[in-house]
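Colleague: Letter by letter, the chains look like this.
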Amino acid sequence: MKTSIIEKLKIALRLAVIFFKIGLFSFGGGYAMFSMIEREIVEKHKFLTHSELMDVFAIAESTPGAVAVNIATFVGTKKAGVIGGVLATFGLMLPSIVIIMALSYVINQFRDNKWVNYLFKGIRAGVLVLIAKAVISFYRNMRKDWFDFVLLIGAFCIAFLTDVSVIYIILGTIVICIFIILMRNVRMKRIGATTKDIYVRETGQPEATDSDDPVQTNNDTADKEDVE
Amino acid sequence: MEFLMLFWVFFQIGLFTIGGGHAMIPLIMEKVVAEGWVSEEVLIDFIAISESTPGPFAVNIATYTGTVVGEAYGGFGYGVLGALCATFGVVAPSVIIIVLVVKLFSRFMTKPSVQEVFTGVRSSVAGLLLSVFATLFITVILGLSSVWDKSEVGFDYIGFIIFAVMMVAGNVKIKGKKLHPIAIVLMSALMGVLMYGFIPS
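The listed protein sequences derive, respectively, from chains A and B.
Just so we're aligned, residue 1 is where the first sequence starts under this note's numbering, counting upward by one.
Just so we're aligned, residue 229 is where the second sequence starts under this note's numbering, counting upward by one.
Treat the hints with care, as some may be off.
As a list, the in silico BS3-like pairs of lysine-lysine whose alpha-carbon atoms are at most 27 Å apart [claimed, not checked]:
id, chain 1, residue 1, chain 2, residue 2
1, B, K406, A, K133
2, B, K331, A, K46
3, A, K21, B, K405
4, A, K189, B, K403
5, A, K10, A, K44
6, A, K78, B, K331
7, B, K401, A, K44
8, B, K405, A, K79
9, B, K401, A, K133
10, B, K331, A, K133
11, A, K8, B, K331
12, A, K144, A, K133
13, A, K21, A, K8
14, B, K339, A, K44
15, A, K133, B, K403
Because the hints were derived from the structure by calculation, they are not lab data.
Note that the structure is a prediction, hence the values are computed from the model and not measured.
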């Protein structure tokens, strides 16, 4: 069923307002927003079911960019097309833009004050703590095969000791991972395993059946995600 | 030109961030400092402010950087322009990619092999973040510019005490909840004022 443009615009505007609220009242980025998004999108407004939202999280985490932005665009696009995606994202961004611009203006006025300087020196030590916590949380949520430790230590050494750009390190990781997965699949094929066996080996679950709406059927991948 | 660069640099940052806002920090550190827009120290302040204001971390830090770069270029109006360029830059890849995913590839994205590649990328990102931590520790606490800096170590013992105290406080659970990032930022700010202000060095 095709919804009319007016109908789509209405949904898009409603989503923009909801994500504006989410942007205004959630601190700490993507992961901290999960619970609020769940409450607004699933429980209150019923735009998606819980399992659909879990799939959206899984995709938002593995596509480039900020997780919260990805979720807003995803929900918007799914419910009201491109215009919905753009408006939902814009709604999410708006509080940030206004608050940060005002704040940067205020802070600029006091930059040269001795006490403000001390304040920021203290904050810098605090940011070290925040980044350490981010490292810990990434470490807790990552898969821990020997291969992942090779990637972690490799990426650390290259980034810490050389001038190689982060972009190349990430691209390199993608290439290595694809290569390893391809090699494994070739090996599995040679010993007579079918693609279905590989799938079962990867996920520990039987293959999902085909359907017109993949987002609804692929719940198995979302279950693997560690959502805080 | 400055504004096109803001858009382009943040577009790249948005494009090569996998695993959410914090995964962005290594690339922001590299690109924004390399452009000569802000020093590493000021960027650390941006991180603190982006963490303690509402909204997605990535959007906050892009807006802040854009505002400051634009204002340095030509006052308040340019600050707004800069903020918009950087912020739209950082979300543009997301919007384009997600729209494509929803319309064409959502089946592809949830494939186990594809998810596995991204799981691998997240392991790398953990390493990249660790490198940011190590580099910042060297600059903030040891007063050196990089691992290869051979000048004398200017150990900031007050900074180290604040770091150690907050590291412990930040991981203690009170009623099952850990200290909120905003609380960490505010408490270290307070400690900074008191200790740098009143302890003779």
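Colleague: If you test the structure against every hint from before, which numbers come out violated?
Modeller: 4, 7, 8, 10, 14
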